[in-house]
Amino acid sequence: MTPYLVDPISCIGNYKIKWLGAIGPTQSGKSVVLQAAVADMVDQDPGPGLYVLPDETTGKKHLDEKVISMIKASPELSLYCTGNKRDMSYESVKLQHMTIYPAWATSIVTMNSFPMKRVFLDEVRLMGLTIGNESNAIKLASDRLTTYFGYGIGQGYMVSSPSTEGDLLHQQLTVPGTLYLSWQVQCQECFEYQELDFFVNIIFNEKTKKPECRCAHCGAVFSDTDRKKEMNRHGKYAVVKFENGIRTPTQIRKDGTLEVPYELGVGHNRVFFHWSSMESPFRSFEDIWKEFIQTKDKVHDYKNFWQAWLSRFWVEDKSKASVKSLSEHKKSYRLGHVPDKVKILTAGIDTQDKGFYVVVRGFGENQFTCVVDAFHIPCHMAIAEDTEIERLFNETIFNRIFESGWKVSIAAIDTGGHRTKQLYRACTKMSRLILCKGATEAQVTPINYSKEVGIYLVRTPEYLEELDHRSQSNDYWLPENISKDYLVQWTNRRKTENQNKKTGETLIIWKKMGQDDYRYADVHSLLCLDIPTDKWANLRQRLNDPDFISNPYLEEKAMEQIEKLETVKTVVEQEVDYSISGFNW
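Going by the working numbering, the sequence shown runs without a break in its numbering and finishes at 570.
In short, the hints are calculated from the structure, not lab data.
Each computed DSS-like pair below joins lysine-lysine, with the alpha-carbon atoms no more than 27 Å apart:
| no. | residue 1 | residue 2 |
| --- | --- | --- |
| 1 | K496 | K315 |
| 2 | K239 | K226 |
| 3 | K51 | K3 |
| 4 | K326 | K316 |
| 5 | K496 | K469 |
| 6 | K288 | K480 |
| 7 | K496 | K303 |
| 8 | K422 | K497 |
| 9 | K542 | K326 |
| 10 | K496 | K226 |
| 11 | K303 | K480 |
| 12 | K315 | K480 |
| 13 | K422 | K436 |
| 14 | K275 | K496 |
Ranges between beta-carbon positions, derived for each pair:
| no. | residue 1 | residue 2 | range |
| --- | --- | --- | --- |
| 15 | K46 | E465 | 45 to 55 Å |
| 16 | H365 | Q12 | 29 to 39 Å |
| 17 | N289 | E437 | 41 to 51 Å |
| 18 | E551 | K303 | 55 to 65 Å |
These numbers come from a predicted model, not from an experiment. Each residue gets a CB set at the ideal place from its N, CA and C atoms; glycine is no exception.
Turn these sequences into a full structure, and let the hints guide you.
Following this line, the structure appears as structure tokens:
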């Protein structure tokens, strides 16, 4: 039922691993890891143990349900009971050969006891960064293990749902010597592995009116009718990297080999395992979808969905925009219509495995900007060829005539990671399309042209910031029928603060909170103003020129008129020549 518990439980008693952590949603079996560790200690490796709970009020109930009840219910473990009812209490669980001491994360007194062989911390997300003016529960618990760590036979355990980025639990994932692993499943159609993401893998089927979990690579449906047994049967853990505060799962190849190999207990002394409700056999995909629909517009409920269902750390962000605040910018025009203030149309394209997300944006004087359209172009990038991509772009973007007689002047596309060769070949045939890719933090300028690969390297945080700022202005317009999907994706990239532990410097980082493809398409529509091409240089400055306007549709119509005039002129000249030659004859 829960193959993702096999590896965490196999680490119990492996004293090369000093700290073992399990991070998962509620109703997924993560408490079993802690119970297995307690049972192993009682039956196989007795010694004093400390069981730490968030507070005394809720702790007593948890202790009774997860420890005392388990010992009494197990035929093997109950043999160690003394027979005295007072020995199974909230003060201590006394057995014939060892004792388990309860402790509360809010009480320094209960944490300051003698050396412990094993320490168990339950629901770490509810424990504070400090206890009064002293250290935190994890540090105090670690101090209790020092003696047994010295003998090489101590072990600590942490089990919890995720909490908020930067808190006590989240900090444990970046402690030196930590191996952080996340569960990935294998598609039995294309055999690609992936860490399931609710905002990427869950698709609402309009025909069946039910949500489906689909492979991000080939679109095959993951079934949960067998409680996800088949889906999880081939699952594996992969290393998760943290770079500049950004969480990035590494890849598992089709043959099951790891992009970043690891061996449990070798080269590290801390291991954390992570999974979500997407893999839990106790929650169907439909249940997860329903919970999302019920909570997505309520901040506190949505936070609980994010933590207890998706098993993700919540981000306390500094972003200004929200779905509600963006909705207040809706004006009395519809998708496809170009307001009178517009002087140029640009398009931004974000490339994903299933196709392209496109935002067409209009710009005018005095920082005026509006969304003209936002749509998805279906295209299976795994098999797409350059001719198909070229056809789709011409039909839906460059040759499209918007209401009021407008065409897109220039477009920018994110080419990173998706059939880049095919994209390059297609893009070179379209003179109004510019290739872009995200730049590293080391890049000094916001935009830099790379001659080696023929693309513009862009520092996207600056443009995310500008869009966030513009969205607070009255000159930021949205169509009255803009989709809810656009608004949600737009706000799924949030600005948060991240403190460098070594230098103490606070950095601003943009964190992904869900699917955000429209937001990145929008970024590329904005950066078109700064791409220094021969024809479109200094667009940002030219917008305030009263005489400036760029509309390929009008230019094409003008050229047609000129061509007609040239044709008429040629015909007239030929007739005159003929008449003269006839007269001479």
